[in-house]
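Could you slot chain L onto chain D? The hints should help.
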Amino acid sequence: MELRYTPKQQEFRAEVRTWLAEHVPAKPLKSYDTKEGFEEHRAWERVLNSGRFSMITWPKELGGRGADLIEWLIFEEEYYRAGAPGRVNQNGIFLLGPTLMEYGTPEQKARFLPRMAAGDDIWAQGWSEPGAGSDMAAIRTKAIRDGDHYVINGQKTWSTRAAFADWCFGLFRTDPESSRHHGMSFILLPLDTPGITRRPIPQLDGEPGFAELFFDDVRVPVENRLGGEGQGWNIAMATAGFERGLMLRSPARFQETARRLVQLYRKHGARVSPAVRDQVLKAWMDAEAYCLNTYMTASRLIAGGKIGQEASLNKIFWSELDRSMHETALSIYGARAELLASGVDEADEITRWIKGFLFSLAGPIYAGANEIQRNIIAERLLNLPR
Amino acid sequence: MNFAFTEDQLLFRDTVREFLAGECSPSHVRAAAAGEGRSAERYAKLVEMGLTGLTVPEAQGGLGLSLVDYVLIAEEAGRAALPEPLVDQIGIVVPLLIPYAGRAEIAAVLEGIAAGTTKVAIGHPCDPFVADAAGADLLLLGDGESLHLVPAAAVRLTVETSVDPLRRIAAVAWTPGNETLITTESGLWERALDLGSVAAAAQALGLAQTMVDLAADYARTRQQFGKPIGSFQAVKHHLASVQVAIEFAKAPVYKAAFTLAPRDVSHGRVAAVDAAALAARTAIQVFGAMGYTYEVDLHFFMKRAWALAGTWGDRHYHLDRLARMVLSDDAAIGADATFAP
Chain D
68 MELRYTPKQQ
78 EFRAEVRTWL
88 AEHVPAKPLK
98 SYDTKEGFEE
108 HRAWERVLNS
118 GRFSMITWPK
128 ELGGRGADLI
138 EWLIFEEEYY
148 RAGAPGRVNQ
158 NGIFLLGPTL
168 MEYGTPEQKA
178 RFLPRMAAGD
188 DIWAQGWSEP
198 GAGSDMAAIR
208 TKAIRDGDHY
218 VINGQKTWST
228 RAAFADWCFG
238 LFRTDPESSR
248 HHGMSFILLP
258 LDTPGITRRP
268 IPQLDGEPGF
278 AELFFDDVRV
288 PVENRLGGEG
298 QGWNIAMATA
308 GFERGLMLRS
318 PARFQETARR
328 LVQLYRKHGA
338 RVSPAVRDQV
348 LKAWMDAEAY
358 CLNTYMTASR
368 LIAGGKIGQE
378 ASLNKIFWSE
388 LDRSMHETAL
398 SIYGARAELL
408 ASGVDEADEI
418 TRWIKGFLFS
428 LAGPIYAGAN
438 EIQRNIIAER
448 LLNLPR
Chain L
171 MNFAFTEDQL
181 LFRDTVREFL
191 AGECSPSHVR
201 AAAAGEGRSA
211 ERYAKLVEMG
221 LTGLTVPEAQ
231 GGLGLSLVDY
241 VLIAEEAGRA
251 ALPEPLVDQI
261 GIVVPLLIPY
271 AGRAEIAAVL
281 EGIAAGTTKV
291 AIGHPCDPFV
301 ADAAGADLLL
311 LGDGESLHLV
321 PAAAVRLTVE
331 TSVDPLRRIA
341 AVAWTPGNET
351 LITTESGLWE
361 RALDLGSVAA
371 AAQALGLAQT
381 MVDLAADYAR
391 TRQQFGKPIG
401 SFQAVKHHLA
411 SVQVAIEFAK
421 APVYKAAFTL
431 APRDVSHGRV
441 AAVDAAALAA
451 RTAIQVFGAM
461 GYTYEVDLHF
471 FMKRAWALAG
481 TWGDRHYHLD
491 RLARMVLSDD
501 AAIGADATFA
511 P
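If you're matching them up, the sequences are chains D and L in order. The first sequence runs 68 to 453 under the working numbering. The second sequence runs 171 to 511 under the working numbering.
With the rest of the complex left out, here is chain D (with noise of 0.2 Å):
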């Protein structure tokens, strides 16, 4: 055990810190869920690919530095301290990305990542169906084959970014006998393919971060599907692995939001309740052990070890650490917390936690609902009967 960063690791903080420093707008971002804000993050992808930023982890023939889990970490310390930009290509890069890795045949990597890594194709999700939430094996959208073409009929919601993504990656059950985890297949498609139509869903917030898909009669080539016919489900597990685990939800974005909200109890903290004072204490120290434990696992897998049921545990743990984060928060504003306006910059700060809860009641549910995270570690890691 060695708890202090290399003189390498130090100068890649700087090297980092440097370029963000340079390159970070200096006036924040329209939501990437507005079409203009989209595209804005659209081009800031662009500036980070630039510098070869946009995918760090990834190898460095396909455009990514092969930086290691403690880089990464370090990489992702150094973007929410910058206040760097959400990353509206996160579907692709932390999702596709190592799924592609892990399946595709030379020629799907060749055709997809470079452009994922570009920006230029930016990937939405195409999971859940209005029968299929949390039961992912109900999913009925079917992909029939017809020569060396499917053809896709049925439905998707809750389908995140794809009000404005470019392309669609999810399970089709291309075996319509087939029922439960059984005949799906993981397959790729553009969203302007003809037969498709979009519906946005508005957000807590109003804006459109999902959509319903609604697919008639689509024809997409074999060539999209990734893996083998009838293999998606155990691909789609991979992915799911990958958005519950390690990448997504990088430690730092929760350190930040707790670094604010120290600095809210700083500002406040003589006029709330002592009782906030522990909530604080909690989310501070809540954050930092979601860090801690996620360098212990990075130094595991580093060295040669596997990603295990610590996802279940994970996603159970920052998701319900940055609601009780936003809500502490929200508590300490007492009742100015409604005030949703912008134009002083308190407004905008107030407006920026209520945001943020918004958005943060979404954690618990989204990428697997917190209770089958739950029924998981009982049946996987305690052993509990099903």
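Any given hint could be a false lead.
Okay, the calculated bits of chain L under chain D, using three or more residues with CB under 8 Å as the criterion [what the hints assert, rightly or not]:
1. 290–299
2. 388–398
Computed footprint of chain D on chain L; a stretch qualifies when at least three of its residues, placed anywhere within it, have a C-beta under 8 Å from a C-beta of chain D [claimed, not checked]:
3. 410–420
4. 424–435
5. 485–495
6. 499–507
Just a sample of chain D residues kept apart from chain L, beta carbon distances all over 10 Å, derived [unchecked claim]:
7. Ala88
8. Pro92
9. Ser98
10. Gly133
11. Asn220
12. Asp242
13. Pro267
14. Asp283
15. Val289
16. Trp300
17. Val329
18. Leu348
19. Ala370
20. Tyr400
Simulated from the structure, these hints should not be mistaken for laboratory data. Ideal placement from N, C-alpha and C gives every residue a C-beta, glycine not left out.
Only chain L this time, still in chain D's reference frame:
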């Protein structure tokens, strides 16, 4: 940066776990509670494994290992609710005495601890009782800032009864004198408190895991409504929540063992002791009426967790200390302040 234990450290931990599973199972703990409370035979085996000398320098016959090696062993002692006073000695007494090992009489004490021939108890001036004061040859005690090593014959004990039938506690009366003084150096009792907190926290991690494991075992076999109660989501979710709390208390405790920095220590200590309290509350609920009896083993682990929760600075002390180190205007916080440069 490498936040991982070595293969050797994990292997040693596994060996100790296996040893304690055989020599200090819940039924052994129950037998100890019904009998004399301490087993000379088991203590001799701990000595034989080198555990009493784990942190004692090699020059004094120990293994000369670090607190990072030790923290995993303390966790195992908690997991087994080990009755013998191993953790306090190797985790608190020995690290406090090591700087004075140049003195022949201190070196001899360290040798005695490693060899199992000398037992040293320690009590922090902020705690009303000293654990295992009865049965100790020497007591490490404080008078203001100064540190004294006092022979058992020179103290008067008022033995008290702990809620934990396996904890032997006593109030200690003594008169400081030059002949017992080790040092007047300041800050040592702060350090003792940090060492004691890591000891309590590491044991709390192990205790919490055993409570979850016992409850999960019970939930697999206990049938109601024609099914094992562990198949009900209400039960599953309770236990899963405890497992989450345990997992996210580990890294702070391990970091505290590495840095021994007050901020890390208080964090690890609060997280682990809170996780153990949650484990106790949840496990007794899962055991239902059985959990409320003396007849299942769960209570030995619950009671150890409750007893340790107040020692070496209670929750309020550590939260107050943390508040000064985290919430004050000049405290460095945020991701780039997590690891000292």
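message: Hint compliance check: list the failing hint numbers for this structure, sorted ascending.
response: Going through the list in order, the structure violates hints 1, 17, 18 and 19 and respects the others.
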